Structures are given as C-alpha cells and as structure tokens.
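Could you put together the complete structure from these sequences and hints?
Listed in order, the protein sequences are those of chains A and B.
The first sequence begins at 142 in this note's numbering and counts up one residue at a time.
The second sequence begins at 301 in this note's numbering and counts up one residue at a time.
It cannot be assumed that every hint is accurate.
[To be verified] Among the chain A residues that face chain B by a calculated CB cut under 10 angstroms, a handful are:
id	residue
1	N148
2	L151
3	P169
4	K171
5	S174
6	S175
7	D184
8	A199
9	E206
[Claimed, not checked] Here are the computed lysine-lysine pairs in the BS3-like style, where the Cα-Cα straight-line distance is at most 27 angstroms:
id	chain 1	residue 1	chain 2	residue 2
10	A	K295	B	K664
11	A	K293	B	K664
12	B	K877	A	K195
13	A	K157	B	K877
14	B	K855	B	K877
15	A	K192	B	K856
16	A	K342	B	K481
17	B	K483	A	K354
18	B	K942	B	K846
19	A	K295	B	K672
20	A	K293	B	K688
21	B	K788	B	K815
22	B	K672	A	K293
23	B	K667	A	K295
24	A	K195	B	K856
25	A	K293	B	K314
26	B	K330	B	K314
27	B	K877	A	K192
28	A	K171	B	K825
29	B	K452	A	K293
30	B	K692	A	K295
31	A	K195	B	K846
32	B	K825	A	K195
33	B	K483	B	K788
34	A	K195	B	K855
35	B	K551	A	K295
36	B	K483	B	K942
37	A	K192	B	K815
38	B	K452	A	K295
39	A	K152	B	K877
40	B	K951	A	K192
The hints are simulated quantities; they were obtained by calculation from the structure and are not laboratory data.
Note that the coordinates shown come from a computational prediction; the quantities given were computed from them, not determined experimentally.
For every residue, glycine included, the Cβ atom is placed at its ideal position computed from N, Cα and C.
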Amino acid sequence: MQHYNMNLTLKVWRQKNAADKGHFETYPVKNISSEMSFLEMIDVLNEQLIKEGKEPIAFDHDCREGICGMCSMYINGRPHGPWQHNTTCQLHMRAYQDGDTIVVEPWRANAFPVVKDLMVDRSAFDRIIQAGGYISVNTGNAVDANATPIEKDKADDAFAAAACIGCGACVAACKNSSAMLFVGAKVSHLALLPQGSPERKSRAVNMVAQMDKEGFGACTNTGACEAVCPKGISIENIARLNREYMMAGLTEDK
Amino acid sequence: MLDSKIPAGPLDQKWTDYKGHCKLVNPANKRKLEVIVVGTGLAGASAAASLGELGYQVKAFCFQDSPRRAHSIAAQGGINAAKNYQNDGDSVFRLFYDTIKGGDYRAREANVHRLAEVSVNIIDQCVAQGVPFAREYGGLLNNRSFGGTQVKRTFYAAGQTGQQLLIGAYQALERQVALGKVKMYTRHEMLDVVVIDGKARGIICRNLITGELERHFGHAVLLCTGGYGNVFYLSTNAMGSNVTAAWKAHKKGAYFANPCFTQIHPTCIPVSGDHQSKLTLMSESLRNDGRIWVPAKLGDKRAANDIPEEERDYFLERRYPAFGNLVPRDVASRAAKERCDAGYGVGTTGQAVYLDFKFNLINKYGKAEANKLGIQNPDTATLIRLGKEVVKEEYGNLFDMYEKITGENPYEVPMRIYPAVHYTMGGLWVDYELMTSVKGLYALGEANFSDHGANRLGASALMQGLADGYFVIPYTIGNYLADEIATKPIPTEHPAFAEAEQKVADRINTLLSIKGNQTVESFHKRLGRIMWEQCGMARSEQGLKKAIEDIRQLKKEFWSDVRIPGQVNEMNPELDKAGRVADFIELGELMCLDALDRKESCGGHFREESQTEEGEALRDDQQYAYVAAWGYQSDSQWQLNKEPLLFDVAKPSQRSYK
Ligand SMILES: Cc1cc2nc3c(=O)[nH]c(=O)nc-3n(C[C@H](O)[C@H](O)[C@H](O)COP(=O)(O)OP(=O)(O)OC[C@H]3O[C@@H](n4cnc5c(N)ncnc54)[C@H](O)[C@@H]3O)c2cc1C
Ligand code: SF4
Ligand code: FES
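Written as structure tokens, this is what we have:
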C-alpha cells in the first residue's frame with residue numbers, strides 16, 4: 142500500500158462530566174500517516190495537548206482489534222466512521238485526505254449518558270442482559286457437549302447473532318435511540334439453540350421490558366442500525382425478536 | 301518454605317482424591333462468607349458466577365465499562381479439550397503430556413494433569429450455556445489443530461472463540477448479578493490488597509469515574525487480572541491490560557514466579573511505524589492452512605506471487621519435518637527471527653516473513669468442495685473461488701482485520717507476519733489450590749504462573765482460565781473458607797484498611813504533584829524498547845545487566861519528570877495509565893533479574909549463551925528444574941525462593957519437533 146501524510150482539522154466534543162453542558166473544540170493535527178488507526182491519530186493529538194498543558198480527550202477503547210466493543214466515536218455523523226462493518230479502532234487514516242475536517246462526537250442517546258468527552262455510560266446494556274440474556278445452567282450440570290447435535294445452519298445463525306460486540310452503534314445511529322438490534326441479536330442467539338429453548342418466552346418479554354425501562358426508543362424499521370453495525374448483525378434479528386415476543390404474549394403459561 | 305500442597309498419590313488420582321477429601325462449607329455458612337473477585341475475564345467471570353451459584357456473597361470488579369469487554373474477548377483461535385471426538389488418539393494423558401513438553405518441562409505435573417482432566421467438562425459447560433462452537437454438517441462439534449500437538453483437539457468459533465466463551469461466562473455472571481448473588485463494580489481499579497493478621501481481607505480500589513477511593517472487605521480475595529505483556533509497550537494485549545493488581549499483591553507478600561517467561565507469538569502483523577500503539581495477532585489456527593516462507597535467495601525483491609515455488613524457503617517445514625508449520629510458538633518465532641536476522645526478511649522493514657494460504661486454499665479446500673459439488677477437472681480459478689468460501693468461513697474475521705490494518709487482501713497475496721509479545725507464562729506464584737503465598741489471596745487465569753511452564757501451547761490459556769474459574773476454585777476455596785465460618789465481616793474502619801487507603805492516596809498525590817515535562821506514554825514506550833531489545837526473543841548476560849541499569853535510570857526519571865494532566869477527583873485516564881506504567885517499570889526490572897538468574901534456555905526464555913549447535917534452546921535440568929518464586933523485600937531488592945520441579949510421569953528430554 143502506498144502511504145502518505147496529511148494535515149487535518151478535528152472538531153471534538155468536550156464535556157467535563159455528566160453534569161457539564163459540553164461544547165466543540167477545534168484542533169489542528171499535523172503529519173498524520175495514512176497507516177495510523179483513527180485512535181492512534183487521537184493518541185497523537187492527546188500527546189500534543191498534554192505537552193501544551195491542556196487536558197487530553199477522554200475516550201473509551203481497549204482491544205483496538207474491533208472485538209471488545211469499547212470504542213465508540215460518532216465520526217462525521219456516523220457511528221464508527223465511514224467504513225462498512227467496522228469499529229472506530231479499526232478505522233485507518235487512509236480513509237481521509239490532506240485538508241479534511243473531521244467532527245467527532247460521543248454516542249448520543251438518553252439511555253447512554255456522557256461520562257466525559259467521548260465516553261458514555263452503556264451499563265443499560267448489562268442490565269438488559271441481566272433481565273434474561275442467558276441460559277440458566279449452573280456450573281457442573283452439563284451433559285456431554287455432543288449429546289445434542291445442532292444443525293450446522295442453525296448453529297451458524299446463532300453464531301452470527303452472537304457476534305454482537307455490545308458497542309451501541311445501533312442505538313447511536315437510530316433516530317429513536319432504539320436498542321432493538323442489540324436485544325434482537327441476543328434473543329436470536331439463544332432462541333436458535335435448543336439449550337436456550339426452555340426460557341424463550343420469559344427471556345423475550347423480560348429483556349424488552351428492561352429495554353423500555355432504560356429509556357430506549359421504539360423501532361420504526363428504518364434500518365439505520367444494521368447499516369452501521371460493525372459486526373453485520375442482520376435486521377432479521379429484530380423480526381425474530383418481534384415473533385418471539387408475540388409468541389410469548391399469545392401463550393398463557395410462561 | 302514454599303509448600304505447593306500437591307496431594308499425595310498417583311498423578312491421575314490426585315484431583316479426584318482432593319475433591320473427595322477437601323473441607324466443605326454448608327449452604328447456610330456460604331451465605332455469610334464474602335468473596336472478592338478482581339477481574340472478570342474468563343477466569344474471573346467464571347469464578348464469580350460459579351461462587352455466586354454456590355451461595356457465597358461475591359463482589360466482582362473490572363476496570364472496563366462492562367465485564368464483557370475483558371481482554372479474553374480478543375482470543376481468536378480456540379480452546380483445547382481432551383474430548384477425542386475426532387478419534388485420533390487423544391486422551392487426558394496426551395493433553396497433559398503435550399502441555400508439559402510444550403512448556404519445556406518447567407510446569408508442575410499435578411496442576412497440568414488436573415487441567416487436562418477438567419478440560420472435557422469445560423466444553424460441556426460452555427455448550428450448555430449456548431456457546432455457538434463450530435459444527436460439522438452432522439450437527440456435532442468440529443475441531444482444528446494447534447501448534448505443538450499431532451491431534452485435533454481445539455474447539456473454536458471462527459476466529460472469535462474468546463468472544464464467544466467470554467460472552468457465555470459474562471451471561472452466567474450477569475444472571476448471578478440479577479439474582480443478587482454477585483455485586484458488580486465496573487470502571488473500578490484495584491490499587492491494593494488489605495492484609496490483616498497475615499490473611500487477605502479486602503481491597504482498596506479507585507472508582508474511575510469519580511476518582512474516589514473505596515474499601516471493600518472479603519473473607520478471601522481472588523485476583524483474575526490477566527497478564528502483563530504490556531510491559532513491552534507493544535504487544536497483542538488490549539491497551540488496558542496491566543500488572544498493577546498482581547504487583548500490589550506482590551508488594552504485600554505474594555511471590556512472583558518465573559516473571560521472565562514471556563511468550564512471543566510468531567504470527568502477528570508487523571510494526572509499521574512509530575505511531576504504533578499495539579500489535580495485532582493473526583491466530584495460530586492460521587498455521588493449519590497457511591505455510592510460512594521467505595525467499596530462498598538473499599535480496600530477492602520480487603512481489604511474493606512472482607516468486608516461483610522452487611525459489612521459496614518453507615523454513616519451518618525444512619527444519620522441522622515432523623511438525624512443520626505447527627511447531628510450538630517459541631520455536632516458530634525464533635526460526636522467523638533467524639531468517640530475518642540473516643537478511644531474508646520481506647516487506648519494507650525486512651522484519652517479516654510470509655504466511656501463505658494459496659496452497660491449501662486450492663489443494664485442500666478447493667478440491668474438497670469441487671469433489672462435493674461433483675465438478676470434474678476444475679480449473680485453478682474455480683478451485684480458488686471454492687476454496688475462498690471455506691477459508692472465509694473458518695477465518696473470515698481475521699482476514700478482514702488484516703485487510704483493514706494493512707490495506708492488502710490476504711486472499712490474494714500472502715500475509716506478512718512477524719513475532720510479537722503475546723502472553724506471559726509467569727505470574728503470581730500459587731499452590732495446587734491456586735492460593736498465593738498470602739493466605740486467602742488467590743490468583744487465577746493468566747495472572748498466575750501455574751500451568752504453562754516456559755512456553756504455553758496455543759488454545760490452552762482459555763482452557764486454563766475457565767478450568768480455574770469453573771472447576772478448580774469452587775472446590776479449593778471451600779477448603780480454606782471452611783475454617784473461616786466464625787470470622788465476622790471486618791468493618792472497613794479497621795486500621796489496616798485506613799492505612800492501605802492512605803498509602804494509595806499518597807502515591808496518587810505524589811504522581812500528580814511531579815508536574816514534569818514528559819508524558820506517561822513516552823516513558824512506557826522507552827520501557828518497552830528496553831524490554832524488547834534486551835529481554836525479548838534473545839537474552840544475554842551483558843544485555844540484561846544493561847537493561848537493569850537502564851530501567852533504574854528510567855524509574856528515577858519517571859518519578860521526577862512525568863507530566864500527568866487533570867485532577868484526582870475526576871475521570872482521569874492519564875493518571876490511571878501513570879500508575880500502571882510505574883508498576884510496569886518495577887516489574888521490568890524483576891523480569892530482567894529473573895532472566896539473568898536463569899542461565900539456561902527453556903521455552904520462550906532463550907539465553908544466547910545456552911543453545912544447541914542447531915540453535916535450539918538448551919535446557920539445564922541439573923541446575924534449573926525449579927520455579928523461581930521471587931519475594932519482594934524493598935525497592936529493587938528481591939529474595940529468590942526455589943520450588944523444585946519433580947517429574948514422575950513425563951520424564952524430561954530434549955524437546956524435538958523434527
Ligand atoms: C489477541 C489474543 C488472542 C488470543 N487467542 C487465544 C486463543 O485462541 N486461545 C487461547 O487459549 N488463548 C488465547 N489468548 C490468550 C488468552 O486470551 C488470555 O490468556 C486469557 O483470555 C486471559 O484471561 P484472564 O481471565 O486471565 O484475564 P483477562 O481476560 O485479561 O481479564 C483481566 C480482567 O482483570 C481486570 N483487571 C485487571 N487489572 C485490574 C485492576 N487493577 N483492577 C480491577 N480490575 C482489573 C480487567 O478489567 C479484566 O476484567 C489470546 C490472547 C490474545 C492477546
Ligand atoms: S448490534 Fe451491532 S451495533 Fe448494536 S451493539 Fe451489537 S455490534 Fe454494536
Ligand atoms: S477498542 Fe475494542 S472494539 Fe474498538
């Protein structure tokens with residue numbers, strides 16, 4: 142790959158803490174290599190800010206491999222930036238050209254309050270999982286792993302849904318801040334497997350109830366979530382969630 | 301003085317006997333006992349969930365915003381288990397033997413045998429939780445091979461095995477949170493262990509959002525805080541992975557064992573420039589299907605695809621015909637370094653070798669698919685197309701990741717790879733019960749030293765983390781807590797808590813008041829360079845001595861010139877990082893000291909002074925068949941305790957993969 146250097150203008154959301162109102166600040170950054178990742182570019186800016194005696198930009202990140210789901214930047218109006226099926230940490234600077242201006246904001250949603258600068262609080266997702274996103278099996282109670290064969294197609298579909306990294310980009314992209322793609326992915330993962338079957342009904346009902354309680358909005362099927370999901374979680378999972386939910390409502394017993 | 305508490309009796313009966321005779325705590329008493337679990341990766345999440353299920357009151361801590369983000373999530377290739385589903389001759393004994401041999405005879409037999417025994421239960425447990433492992437068309441579980449073995453015993457979920465296993469453990473943990481059995485503290489960093497009358501009784505931690513220090517009591521404390529590969533700055537670990545929790549425990553009396561045993565993984569994306577913040581692994585599972593080579597001719601600058609077959613040097617297949625591309629990691633890494641040092645390396649820096657999929661894409665997968673579809677005499681283009689589909693299913697996410705980082709398409713051109721720091725076999729010394737040298741303080745997962753000797757085999761860390769958390773600690777902790785049922789919770793006003801908190805506060809204030817000129821990051825980078833150059837893939841007496849001096853100098857500079865912006869009473873990532881880097885600097889010194897002391901080569905520890913004529917690691921069992929367990933005395937002062945390693949069953953021999 143041919144590489145090149147560039148100078149950029151960054152407009153970054155700065156907010157001291159949850160109570161602060163927040164505002165944009167503009168920063169020039171110079172000599173950015175096209176081989177850097179987006180977060181490495183922010184690292185360069187932060188080193189510069191520290192040297193100038195200013196506060197560096199706080200942002201969430203950990204694995205920098207697109208799998209932990211921690212990074213969460215809203216870049217030029219799109220969660221995780223311009224590339225398809227990608228996370229912020231895996232976005233590389235060859236996506237940009239010399240002279241570009243890049244606007245960076247945190248996820249915006251009532252259910253994800255800002256902690257500081259670009260960091261938000263996504264603990265609502267953990268609470269949704271607590272409401273039923275699991276199979277109730279205690280350690281040591283399992284039968285042999287090959288006792289229950291599972292059709293490969295079903296196992297593959299369950300895996301595809303389980304690939305969700307819990308980043309929250311789907312919520313950030315949705316004009317209603319709906320969490321249906323996240324919830325749909327978990328409900329589908331478990332509903333597609335025979336092991337998850339006994340708790341199907343209560344799971345769908347309880348997870349949806351928790352989602353509403355957390356203040357996520359309703360789904361109006363715009364598909365914005367699927368378009369930005371870094372793991373390509375299909376919107377079919379929302380349809381499956383709706384079916385699971387309906388089915389649970391139609392039957393009396395739990 | 302070091303009592304490893306290995307049960308008596310024949311190797312394959314020890315664990316069964318232990319379980320049959322260890323003390324138990326009855327359900328009513330379990331409810332009164334509190335356990336602190338620091339870290340919620342595979343080891344911590346599985347431990348916290350299992351202890352919650354048993355009825356203990358658990359408090360769990362992690363520094364990320366959710367337990368689902370622990371570094372375990374990034375594990376790619378798979379998890380071993382002696383299921384022998386492939387009927388290819390696997391057994392508990394073979395997994396035990398491979399692990400001992402792979403570790404170059406520097407691990408404890410009893411622990412490793414137990415690990416092999418419980419490996420089979422792990423897979424059952426995970427499947428029951430809904431972990432979607434890869435399956436065959438018949439609906440049964442599929443396996444792949446990993447390095448250092450000749451059987452297929454690795455279970456996997458594409459290149460995302462760690463993610464799927466951690467999500468399973470995370471869900472089990474969240475279920476216990478919902479049931480009120482576990483209280484979860486996210487964005488909390490443990491900064492000290494509280495020891496009262498010789499027993500671990502709690503921790504001090506910092507709420508990373510508000511900056512407040514908190515005191516938490518526990519009848520026992522479990523450290524499941526992962527490995528310390530980031531002491532090298534560049535590694536495949538997540539950015540936040542650190543040694544802080546283990547280091548604080550070390551300073552409170554827990555021995556640190558074999559700190560210099562580091563794993564350098566052969567297949568990682570090479571460094572591209574100074575800006576680099578981390579290195580990315582390309583899973584070992586790729587060596588199932590990728591062949592490693594360099595040009596046979598010195599100075600051959602042609603593009604990889606233009607170099608004909610007969611002008612390529614498949615150096616692993618050449619040097620190690622029996623294991624070929626699937627030799628253990630330490631062997632593969634050194635062989636790649638040898639070729640690059642000799643000038644055969646590829647890419648702009650010359651610090652890379654090729655990992656090439658074309659052969660198997662066509663010959664293995666392409667042909668098999670063509671057969672399945674009944675295509676007679678398929679042409680190469682068809683074979684490539686069919687092969688790609690299969691390769692995509694097996695490793696799609698890894699290929700995508702490679703392309704995002706390098707801008708090159710590995711389906712078309714071979715990957716360029718180079719060794720990088722990946723895993724730390726060393727860690728807190730623990731006995732058979734996973735208890736450190738401080739009573740009531742346990743270490744699980746990568747944070748302990750126990751099972752991998754001087755080199756870990758691929759797909760064995762996930763196995764160990766889950767073994768420790770699901771199947772070992774639930775028994776061994778009972779053996780300790782049974783004697784604690786009369787101990788009432790100690791109020792955190794106790795002077796030991798106050799004193800520990802004060803020390804933590806003092807250190808933070810000292811750091812913030814330095815107000816020097818150099819950033820934390822710049823110190824970390826310098827430490828990493830020293831470690832990589834002198835305590836990396838090859839080590840020598842001279843280099844290590846120099847490294848120790850350099851590190852002491854760096855430490856002085858750090859404590860007089862580091863600049864940390866921001867305040868103490870707020871979210872302050874630079875402050876968090878500064879504390880971690882300060883601990884890494886101290887650890888770096890101990891690692892070099894340990895490497896200096898161990899004059900033999902073994903596994904990942906390669907002393908240039910100790911090699912065979914063919915350049916293989918040369919062990920010295922006479923003098924070094926021990927675990928080096930270092931006790932902290934004072935600044936830069938350690939005392940070496942040796943735990944002799946006895947091999948009753950797997951008799952040490954010169955490791956050969958030829
Ligand atoms: C890229 C990559 C791929 C890998 N692939 C494989 C593979 O295919 N197969 C395999 O077997 N192994 C693999 N490994 C190794 C394996 O993933 C790790 O060894 C293992 O996951 C470690 O698990 P753990 O639970 O011990 O620690 P971690 O998962 O690292 O968890 C550490 C936990 O401790 C917490 N923590 C740390 N310090 C503190 C503190 N001071 N206060 C509070 N909390 C703290 C963290 O928040 C986290 O929850 C891979 C490793 C890497 C880097
Ligand atoms: S569904 Fe996609 S966008 Fe939403 S949390 Fe999961 S991975 Fe992120
Ligand atoms: S930092 Fe882990 S997904 Fe981006």
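Quick rundown of the hints versus the structure:
| no. | hint | in the structure |
| --- | --- | --- |
| 1 | N148 | 15 angstroms, violated |
| 2 | L151 | 16 angstroms, violated |
| 3 | P169 | 17 angstroms, violated |
| 4 | K171 | 13 angstroms, violated |
| 5 | S174 | 6 angstroms, holds |
| 6 | S175 | 9 angstroms, holds |
| 7 | D184 | 6 angstroms, holds |
| 8 | A199 | 6 angstroms, holds |
| 9 | E206 | 5 angstroms, holds |
| 10 | A/K295 to B/K664 | 26 angstroms, holds |
| 11 | A/K293 to B/K664 | 21 angstroms, holds |
| 12 | B/K877 to A/K195 | 17 angstroms, holds |
| 13 | A/K157 to B/K877 | 19 angstroms, holds |
| 14 | B/K855 to B/K877 | 15 angstroms, holds |
| 15 | A/K192 to B/K856 | 20 angstroms, holds |
| 16 | A/K342 to B/K481 | 24 angstroms, holds |
| 17 | B/K483 to A/K354 | 21 angstroms, holds |
| 18 | B/K942 to B/K846 | 25 angstroms, holds |
| 19 | A/K295 to B/K672 | 21 angstroms, holds |
| 20 | A/K293 to B/K688 | 19 angstroms, holds |
| 21 | B/K788 to B/K815 | 44 angstroms, violated |
| 22 | B/K672 to A/K293 | 17 angstroms, holds |
| 23 | B/K667 to A/K295 | 26 angstroms, holds |
| 24 | A/K195 to B/K856 | 25 angstroms, holds |
| 25 | A/K293 to B/K314 | 39 angstroms, violated |
| 26 | B/K330 to B/K314 | 26 angstroms, holds |
| 27 | B/K877 to A/K192 | 16 angstroms, holds |
| 28 | A/K171 to B/K825 | 21 angstroms, holds |
| 29 | B/K452 to A/K293 | 19 angstroms, holds |
| 30 | B/K692 to A/K295 | 18 angstroms, holds |
| 31 | A/K195 to B/K846 | 36 angstroms, violated |
| 32 | B/K825 to A/K195 | 21 angstroms, holds |
| 33 | B/K483 to B/K788 | 19 angstroms, holds |
| 34 | A/K195 to B/K855 | 25 angstroms, holds |
| 35 | B/K551 to A/K295 | 51 angstroms, violated |
| 36 | B/K483 to B/K942 | 39 angstroms, violated |
| 37 | A/K192 to B/K815 | 11 angstroms, holds |
| 38 | B/K452 to A/K295 | 24 angstroms, holds |
| 39 | A/K152 to B/K877 | 25 angstroms, holds |
| 40 | B/K951 to A/K192 | 57 angstroms, violated |
Checked against the numbered hints given earlier, the structure breaks hints 1, 2, 3, 4, 21, 25, 31, 35, 36, 40 and satisfies all the rest.
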